[in-house]
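Colleague: Protein sequences appear in the order of chains A and B. Per the UniProt record's numbering, numbering through the first sequence is continuous, rising by one, with the last residue being 397. Per the UniProt record's numbering, numbering through the second sequence is continuous, rising by one, with the last residue being 210.
None of these hints come from the bench; they were simulated from the model. Ideal Cβ placement from N, Cα and C applies to all residues, glycine included. There could be a bad hint or two in this list.
[Stated by the list, open to error] Pair by pair, the computed Cβ-Cβ distance ranges are:
no.: 1; chain 1: A; residue 1: M1; chain 2: B; residue 2: S74; range: 51 to 61 Å
no.: 2; chain 1: B; residue 1: S74; chain 2: A; residue 2: I368; range: 23 to 33 Å
no.: 3; chain 1: A; residue 1: P79; chain 2: B; residue 2: S74; range: 29 to 39 Å
no.: 4; chain 1: B; residue 1: G59; chain 2: A; residue 2: N287; range: 29 to 39 Å
no.: 5; chain 1: B; residue 1: A178; chain 2: A; residue 2: M1; range: 21 to 31 Å
no.: 6; chain 1: A; residue 1: L384; chain 2: B; residue 2: S139; range: 33 to 43 Å
no.: 7; chain 1: A; residue 1: L319; chain 2: B; residue 2: S74; range: 15 to 25 Å
no.: 8; chain 1: B; residue 1: S139; chain 2: A; residue 2: V364; range: 53 to 63 Å
no.: 9; chain 1: B; residue 1: A178; chain 2: A; residue 2: T316; range: 35 to 45 Å
no.: 10; chain 1: B; residue 1: S74; chain 2: A; residue 2: K292; range: 20 to 30 Å
no.: 11; chain 1: B; residue 1: L62; chain 2: A; residue 2: L273; range: 50 to 60 Å
[Unchecked claim] When the alpha-carbon atoms are kept at most 27 Å apart in a straight line, the in silico DSSO-like pairs for lysine-lysine are as follows:
no.: 12; chain 1: A; residue 1: K219; chain 2: A; residue 2: K245
no.: 13; chain 1: B; residue 1: K113; chain 2: A; residue 2: K312
no.: 14; chain 1: A; residue 1: K292; chain 2: A; residue 2: K219
no.: 15; chain 1: B; residue 1: K115; chain 2: A; residue 2: K292
no.: 16; chain 1: B; residue 1: K81; chain 2: A; residue 2: K307
Take a look at the letters that make up each chain.
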Amino acid sequence: MIDTLLKKQVHKSQLLFFALSSSLGLGILLVVIQLFIDTQSIFNSKNDLLGNQNLIIYKDLGRNNAFTDAEIAELEQQPFITKTGGFTHGTYRVLASVTFPNHAGITTEMFLEAVSDQFIDITNKDWKWQPGDREVPIIIPKNYINLYNFGYATSSGLPQINEKIIRQVPIDLTLSGTHKTENFRAYILDASEKINSILVPESFLKFTNKSLSPNKTAKISRLILDVINPSDPKLLEFLNSKNYKYLSNDVKNSKLSYVLKLILSIVLFIGLLITILSMYLVITNINLLILKNKQTITQLHFLGFSKSDIAKVYHTIALKVLAISIIVALVISIILKFVFAPYLSILQVEHSFLSIVYLVIISVIIFIALALYYRKHTNTKIGLMIQPNTSLLTTEI
Amino acid sequence: MQIHIQSINPDFFTPASSEVWSKNFELHANSSYLIQAVSGSGKSSFFNFLYGLNNRYSGTILFENKSISTFSESDWTNIRKQQISIVFQGLRLFPELTAFENIQLKNGLTNHKSKPDILEMMSRLDIAQLADKKAETLSYGQQQRVAIIRALCQPFELLLLDEPFSHIDNNQINNAIALINQEVTQNNATLVIASLGDTYNINYTKTFLL
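Looking at chain B on its own, in the form it has when it is part of the complex (with noise of 0.2 Å):
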């Protein structure tokens, strides 16, 4: 998906100078790009502004040469399925539902992985053994993983992925970030990561410093 950015500036909070604010930039298909940036400065506000959440924003995004403030709710539904994926820094797990239930409550909405391919991707990530355990009983490492598999199993565009290694290992964060390249080829797709300062062997597109 081509996305083109044209100088946006949140309206709730004034951004120090930055290579995203401000700015205009595109983002490619087939390609990585690290958001890097330290606390506060607005990482998870523009992953926002991206999935739709927050548009209390000046300036314009187009996905596609469409500005996404014309999209109505039943159009980001749709993205949300099937164009844009997120690990939110939060989670936002179902702390109710067990590590596999989390995973197949998005899987649910397009089937786009069968179980026994989560349960390969759980065993990659070696949570494989925590399917059947409730979510808020995990680890907040392990939840990671489960939050990364869950972004997974959906059809995509652009990979959103907020601090995804924040309380994983690195032997872990090795697993996830092939798993995660494997997932973004196949689907030919845009992959940004936001950290506070790893870059995680990651070959990157380009990094913007926020």
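This is chain A alone, in the form it adopts within the complex (with noise of 0.2 Å):
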């Protein structure tokens, strides 16, 4: 019966175009927040095509290019580079040699290189070596598989090869450094797009350096750094300053990502403001049902209903209103989740479920707190009108 007097000014049209306008924020909000858990990975310094935050900076040749000490620790201090890591040279000449089967085997001079395990792009178990391995796994650039797929293989008539049985090549390398010759096997682990060299684990570097030519220096003539942001114009004003070279589709590449990441964000942004218009008008519309209703609650009030009584109504009304807005907006959320999939899968995002989990996580988070913001805002909003003095009885003499 409390229920039918406090609601006698409660429009059902009118309390779900609130529902609806609710749900459109929190539609909004909950799909970029989805697209945000969904495009991390692209983010994420893993991946060759957007998380590009690291920067491989060199000297200009022709004069002494290698890296000292103290220009590493000016880098190292700047606030836009968190790590910075150098490329160690083999100081010994590598002799490369290949044999098909049934083919003429070739045999090249080479280079090898290593960098601080950090900065490499591929996860694999099998990166490391350690004195008495056997074979040591070499990562070479991508686009060397196709220098050899497209232009030697087809011109000498060797087999083409892919990535994948890349890795059944034997290789033979003989290192002849200052003090000694030494043969190894290696095998070519993986492909990367990232780093334009020849790549062993960091370990195999020293331990021949070390062994092969101990009177020699390895010096640092690349560093690879760890940036916030590649295109951060601070950064590439300094490095123009101390006259590093690097390569710019590095910066490009971040560019993009920095757009993508501004666009998310101002999504993100819209949608809070219309989340936040939309509270707030359903807060006006509780304040004027509240207002609507001043005698009825009074009087209830001063009848023996206690303040939680006469709350619990306009409670379940907001709760129903914020439980359709939130459910709405989690449906529209999910279908547009597969919507997006085939245009996020071009970006290479893997298609996961889990942010859906987050989603509905998120969710319960935010009804819960929306829930308790207007729980006490129509309690207070009911203490003050239910107050000794203030109420419409006391005008009686």
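Join these two chains into a complex; the hints should help.
Modeller: This is the structure:
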């Protein structure tokens, strides 16, 4: 009975409108949160496409182009550089030969470099070497494979290879240092788009440098930087002032990632704005409802109904509006996840249901937070209304 | 309930000298009091002070030796459910509810009376046939009788009636007083009636001129 009294000014259509406007805001919010979660992998530094948070720098040729310890220390002190890693190169000559069955082998001079493992974009448990191991894993640039497949292999009649079978190609390395010469078996573990060099594990390079050319010191002629934003103008300005060179491609990729993040942030902001506005709308409406029923509320209270008895009616309304909004928003964002899936797969985003789980958790948190807020707000409003002296009854003398 | 009134005076108007304002007196259980006054002298204000709707007064009101200014909102809610019942001068019925619903709304808080009890009380005041009529369609005298029955549908130690019979004929007044007396006795309660002049043939413990 108290329900009918307190709800007499409530219009269902009005409440539905509020629920839908809240769902719009919450929906945008959830969709963007979901996009953020789903596209995390492309912003991640492990991805070649957009996650390029590394920048390789080197000095102009024609001068002593090794980086000194002081220069590296200076780089590390810059606020926009989080980590630096030097490319160490082998202090010995490298002769690599590959033998294909039924074909003449190829022998080529080459070089080996190593970089700290934290900069390697390939996660493979075989990427390791320790003294005594027979085989050395090697990472080569991806375009070397193309060069071989479409250039060398076609013209010389050798078989073409792909990244899978490349591992099976046995390579014999002959390393000749100042001190002695040693042979190692090697295989190509993977191909990297990020680092344009022939890499071996750091432990292998340190070991061979020491044992083959103990009196030569390795110079660092290229540095890999872990940066917050490779297209940061301050960073580029700093590098230019020092006359350090970098690959402009890395910077372009990072700009793309930056723009994508910016767009997502703007949409997130709009979603937040709409959510806040619709929340405000719901609150204003609850206020209006309470105000319209002021007489009924005070009379009920003075009849012996407690504040919570009365507030409960309005809590139920607010909770229903909120629940409808969140459920609609959640359904919209889950549907959109499947609509977006083909587009995201172009960006090499793996389809995962994890984001739905996160979304549900976030929705529950939003529901609880807003429910508590509405509850508090309603209680305060009704509390003010039923205070002594402010009532409609006290006008009787 | 033992009620001590210690020289209270409203803050929002200056009353003429009377037997209530600025005086010390007590209201006892199993007693009836009449507050007799002309219009505008502050009867309803006095009732509102006792009922906790208004606290703009100086002086002290004690229920069982406890100052009512210390009561919290939930204390008052309990008091209004279990200890003090009131018929407002303006009745304060809900016009969109039926006569019976208005009574049941109050009764539902404590389930003090059963449905047949309520209907029996209604027929004693000759309004049983109006049980399903909306309050807004009833005459003021009929509404007054509904409000009186509503006030009796809870346990109480103090019953405040603010000009309860102003629009009721003498015959029904007698019926109402019989019903009220019966309930007050059952509850061992204090009865306080405010009236403009009529004394309604009740044997008052004391009459206050306001």
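Colleague: Next, verify each hint and record whether it holds.
Modeller: Verification of the supplied hints:
1. M1/A to S74/B: 51 to 61 Å: violated (22 Å)
2. S74/B to I368/A: 23 to 33 Å: holds (26 Å)
3. P79/A to S74/B: 29 to 39 Å: violated (57 Å)
4. G59/B to N287/A: 29 to 39 Å: holds (37 Å)
5. A178/B to M1/A: 21 to 31 Å: Once the Cβ atoms are compared, 29 Å apart, the range 21 to 31 Å for M1/A and A178/B holds.
6. L384/A to S139/B: 33 to 43 Å: Since L384/A and S139/B have Cβ atoms about 36 Å apart, the given range 33 to 43 Å holds.
7. L319/A to S74/B: 15 to 25 Å: Holds: the Cβ-Cβ distance is about 23 Å, inside 15 to 25 Å.
8. S139/B to V364/A: 53 to 63 Å: Hint holds: Cβ distance 55 Å, inside 53 to 63 Å.
9. A178/B to T316/A: 35 to 45 Å: The hinted range 35 to 45 Å holds for A178/B and T316/A, with Cβ atoms some 43 Å apart.
10. S74/B to K292/A: 20 to 30 Å: holds (26 Å)
11. L62/B to L273/A: 50 to 60 Å: Holds - the Cβ-Cβ distance for L62/B and L273/A, about 56 Å, lies within 50 to 60 Å.
12. K219/A to K245/A: Between K219/A and K245/A the Cα gap is close to 17 Å, so the pair holds against 27 Å.
13. K113/B to K312/A: holds (25 Å)
14. K292/A to K219/A: It is violated: about 81 Å lies between the C-alpha atoms, which goes past 27 Å.
15. K115/B to K292/A: At roughly 32 Å apart (the allowed maximum being 27 Å), K292/A and K115/B break the hint.
16. K81/B to K307/A: holds (13 Å)
Comparing the model with each earlier hint shows violations of hints 1, 3, 14, 15; every other hint is respected.
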